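Chemist: Residues per chain are reported as follows:
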Amino acid sequence: MVEQQIIIAGFGGQGVLSMGQILSYAGLLEGKNVSWLPSYGPEMRGGTANCNVIISEELVGSPIVKEADAAIIMNLPSLEKFEKFVVSGGNLLINSSLISEKTSRGDVKAYEIPANDIANEIGNAKVANMVMLGAYIELTKIVAKQSIIQSVEKVLGSSKGNLIQINEEALKRGAESVKCYK
Amino acid sequence: MAKDLMKGNEAIGAAAIKAGCRYFFGYPITPQSELPEYMSRELPKVGGVFLQAESEVAAINMVYGASGAGARVMTSSSSPGISLKMEGISYIAGAELPCLIVNIVRGGPGLGGIQPAQSDYFQATKGGGHGDYRLIVLAPNSIQEMCDLVMDGFDIADQYRNPVMILGDGTLGQMMEAVEFNEPKKRELPPKDWATTGIKDKNGKKRLISSLFIQPEDLENHNLKLQMKYEEIKKNETKFESLDVDDADIVLTAYGTTSRIVSNAIKALKKIGIKAGMIRPITLWPFPYGAYEKAADSAKAFLTVEMSLGQMVEDVRLGVNGKKPVYFYGRTGGMLPDQTEIVEKVKKILGGEI
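Same order as they appear, the protein sequences are chains V and L. Here my numbering is used: the first residue of the first sequence is 1, the next is one more, and so on. Here my numbering is used: the first residue of the second sequence is 1, the next is one more, and so on.
Hints listed in this document are in silico derivations from the structure and should not be mistaken for laboratory results. Just so it is clear, the structure is predicted and the values come from calculations on it, not from any experiment. Think of the CB as a built atom: it goes at the ideal place given N, C-alpha and C, for glycine as much as any other residue. Be careful, since some hints might not be right.
Okay, the calculated bits of chain L under chain V, using three or more residues with CB under 8 angstroms as the criterion [as the list claims (entries may be wrong)]:
hint : stretch
1    : 91-100
2    : 171-179
Below, in silico cross-link-like pairs of lysine-lysine (DSSO-like), each with a Cα-Cα straight-line distance of 30 angstroms or less [what the hints assert, rightly or not]:
hint : chain 1 : residue 1 : chain 2 : residue 2
3    : L       : Lys3      : V       : Lys141
4    : V       : Lys84     : L       : Lys271
5    : V       : Lys141    : L       : Lys267
6    : L       : Lys3      : V       : Lys81
7    : L       : Lys205    : L       : Lys270
8    : L       : Lys3      : V       : Lys66
Input sequences plus hints: build the corresponding full structure.
Modeler: Given below as structure tokens:
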């Protein structure tokens, strides 16, 4: 059975929750079973935010991710909090633009992706999340890039044509950033 | 219709509007505020009324009024807010008015916390308000089932002239899953010939909606009539799902979000050769006691898992009726039961350690 259980975490405002939604929606577009569960609480911009995403060929059991196949980590507090949830041999994607520390886990596949730097090069700091997502789907192939793009159109609305383009570029650059690890 | 990805709270709103609900009275509270927010945006588009009341007490009495006039109406809140609504809920049950009440439960008691819990089970199923009344309590475990039960819930309320409660929790309110809106099974709904629409009855009598019966004989008769209705509901509406119960050594019971954690635990138990099954009540009242009759003979033990410190377990004990031991595992205050801890607990029970 193909299933990915993912934790996405970072500051509020980094697009952590929307990244999870875009990924879930892409799974749904491909006819997979998906769940998206956000952390909620007295949170605000600059505070921490995270979500659990499950994409599966079977019905999703518990939507709570305790043993993550992958974690996408956008800031340092999230690395410290969530690296322990990744299963041995799982993927740990670290936003190295904001995190200079290394993971303390020696048994996971760690990828350092300078997501903010890449996003700035493309010309929109806000697409750092999409750079990470591009890297993630390149590594796992859990959904096709095209589904992510369709999903972005759905979430942003098709009138934002220019934003689609920059998101597409971010996905591509993210994918390229992890090719050197193979 | 293609499936859409929706947040639980919003899906409840969408399902309610599709079911013909046109009136919503409420007051915001985490973790259900997306529901009134959705209704405030969407109800005016279909000619409905959204009203944020000055308090939960006011909101539930607005529900009483709208339902009395024959409208399809709902309210929603989370635990502390539902406590405030309890007086009105008892009046609505007493006056036999149909409505839908949503409780997206958070940790208690008191102001408690804002994370998911199931500690309002007693309040939902055993009263909460005063008097010999019952709510029909529906407990979905997915966003899809939540939509289905909301749509059917309005019909159930109309069929029996009884308030229906959807008992969710913060996880179900906040999470997103795929949904599609399916027409519920068709029910024969009686005409609302009791509604106070300004029309007099055929015999020229004014219609009156009240829960006041000052003569004890009258009040006893009213209560006996309610009990007859509750018996009918027990017979017709009890609903549960059972998973691998027949050959199970241990039968777990869980509802809502917890049932999904338990289903994962059952998979893990199977991998180590332990035969475990689950009874998942979908109606918490009426509780599916009957589901335990056969299971109490075939299984060795029972385990109830809840996000509380032991409420539904009392109903499981009534169902098992002393035939086998009934154990409990729960987390509370917004903490979620852990799959591995459930597995460990089962191993201990079957190993005779507890």
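Chemist: For this structure, which hints from the list above don't hold up?
Modeler: 1, 6, 7
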